[in-house]
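Quick note, the sequences are listed as chains A and B, same order.
With this note's numbering applied, the first sequence corresponds to residues 1 to 119, in that order.
With this note's numbering applied, the second sequence corresponds to residues 1 to 106, in that order.
Take the hints with a grain of salt, since some may be wrong.
Some chain B residues judged to face chain A by a derived CB distance under 10 angstroms, without partners named [unchecked claim]:
no. : residue
1   : Ser28
2   : Tyr31
3   : Pro43
4   : Lys44
5   : Asp49
6   : Phe61
7   : Thr82
8   : Gly100
Keep in mind that the hints were calculated from the coordinates and are not lab data.
The beta-carbon is built from N, C-alpha and C at its ideal position, and this holds for glycine as well.
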Amino acid sequence: EVQLQQSGPELRRPGSSVKLSCKASGYSITDYLMHWVKHRPEHGLEWIGWIDPEDGETKYAQKFQSKATLTADTSSNTAYMQLSSLTSEDTATYFCARYAHVGYYFDYWGQGVMVTVSS
Amino acid sequence: EIVLTQSPTTMAASPGEKVTITCRASSSVSYMHWYQQKPGASPKPWIYDTSKLASGVPNRFSGSGSGTSYSLTISSMETEDTATYYCQQWSSNSLTFGSGTKLEIK
Chain A
1 EVQLQQSGPE
11 LRRPGSSVKL
21 SCKASGYSIT
31 DYLMHWVKHR
41 PEHGLEWIGW
51 IDPEDGETKY
61 AQKFQSKATL
71 TADTSSNTAY
81 MQLSSLTSED
91 TATYFCARYA
101 HVGYYFDYWG
111 QGVMVTVSS
Chain B
1 EIVLTQSPTT
11 MAASPGEKVT
21 ITCRASSSVS
31 YMHWYQQKPG
41 ASPKPWIYDT
51 SKLASGVPNR
61 FSGSGSGTSY
71 SLTISSMETE
81 DTATYYCQQW
91 SSNSLTFGSG
101 TKLEIK
């Protein structure tokens, strides 16, 4: 059974950074692109970017180019996203999601991790 | 970047009523995916490749469209369909979501 297990909620001060994890089970992360998506209820879903864990190639939405850094550790079958220079605008729930080979859509999602940025 | 505009933003439907949600793209796209999200939960794949139902999705749902106009239709609204629905596309190295349609039961 495919599962994406994300790390727990985070509380950070403005200006700090946070690293979120997404551990995959039931498949090898090198076989699929891993995407990250931001959700704020009043803003809907925003695509952050993807990583190909097989070779480390990444692609970011322009808005998140200097905000997010995606990495992956194939030995632990885990993808990571670091968010830097946090502001209140980064307060959101972040999801990792696998992109299916057939149909090319997000077929599995992590449960999401809430990041709160507050002084 | 291709902008996806969903309409309506919010709507309420009575049980048994037919519901249509529209997603318009700023440029032509080859397909559209749809996700259902309930409060406090992850989005779920709902309709992919414009008209294919994801696993477990009731057949009262359907998807259609082409070019710049796509739609998700519920033939007969049920209470469990209350959720926010998002459309999504990926082309020209840019992946975008619609702003969402919040669907409630009357």
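Status of each hint after checking the structure:
For B/Ser28, the suggested interface contact is broken, since its CB lies about 17 angstroms from the closest CB of chain A, more than 10 angstroms. The interface hint given for B/Tyr31 is met, as the beta carbon of that residue sits about 8 angstroms from the closest beta carbon of chain A, less than 10 angstroms. For B/Pro43, the interface hint holds, the least distance from its beta-carbon to any beta-carbon of chain A being 6 angstroms, beneath 10 angstroms. Hint on B/Lys44 holds. Least Cβ distance to chain A is approximately 7 angstroms, under the 10 angstroms limit.
The interface hint given for B/Asp49 is met, as the beta carbon of that residue sits about 5 angstroms from the closest beta carbon of chain A, less than 10 angstroms. A cut of 10 angstroms between beta carbons decides the hint on B/Phe61: the least distance to chain A is about 15 angstroms, and the hint is violated. Because the closest C-beta pair between B/Thr82 and chain A is about 15 angstroms apart, greater than 10 angstroms, the hint is violated. For B/Gly100, the shortest C-beta to C-beta distance to chain A is roughly 4 angstroms, which falls under 10 angstroms, so the interface hint holds.
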